[in-house]
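Colleague: Each residue of the sequence shown is one higher than the one before, starting from 1 at the first, in the numbering used here.
Just so you know, not all the hints are guaranteed correct.
Within a straight-line C-alpha distance of at most 27 Å, the following computed DSS-like cross-link-like pairs (lysine-lysine) qualify [what the hints assert, rightly or not]:
1. Lys72 with Lys34
2. Lys69 with Lys12
3. Lys34 with Lys69
4. Lys72 with Lys33
5. Lys33 with Lys12
Note that these hints are calculated values from the structure, not bench results.
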Amino acid sequence: MALPQLTDEQRKAALEKAAAARHARAELREKIKKGEVSLDSVLNSDDPIASRMKVSTLIESLPGYGKAKATKIMDELGISATRRVQGLGVRQREQLLEQLTK
1 MALPQLTDEQ
11 RKAALEKAAA
21 ARHARAELRE
31 KIKKGEVSLD
41 SVLNSDDPIA
51 SRMKVSTLIE
61 SLPGYGKAKA
71 TKIMDELGIS
81 ATRRVQGLGV
91 RQREQLLEQL
101 TK
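All chains, please: the whole structure from these sequences, using the hints.
Modeller: Here it is, written out as structure tokens:
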């Protein structure tokens with residue numbers, strides 16, 4: 001499937017929208033890291049920025065967790081490395097909360 005041809009204005013708008021989304025994700029990660037936003041609130045949020053975040057990125061945003069711990073937890077819970085928060089099932093959310101709030 002070929003990509004649609006965009007006008008210069010459309011391309012500029014798309015790039016600005018993508019940059020805004022990246023900035024919003026970075027802000028959310030920083031708030032999680034500082035403890036201003038809880039894991040539970042992110043997992044149960046209707047916010048499109050939170051729901052489109054990869055689960056691995058969410059775990060890595062938590063204080064004391066890096067790539068190795070995030071990968072280990074996701075493997076233990078059977079969560080795909082490419083899974084996004086919106087794609088988690090109810091049980092997976094419960095297991096993730098239980099695992100990360102020990």
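Colleague: With reference to the structure, classify each hint as holding or not holding.
Modeller: Here is what the structure says about each hint:
1. Lys72 with Lys34: Since the Cα atoms of Lys72 and Lys34 sit roughly 23 Å apart, the hinted pair holds (cutoff 27 Å).
2. Lys69 with Lys12: violated, 38 Å
3. Lys34 with Lys69: Holds. Lys34 to Lys69 sits at ~19 Å (cutoff 27 Å).
4. Lys72 with Lys33: holds, 19 Å
5. Lys33 with Lys12: violated, 32 Å
This entry does not satisfy hints 2, 5, going by the numbered hints stated previously.
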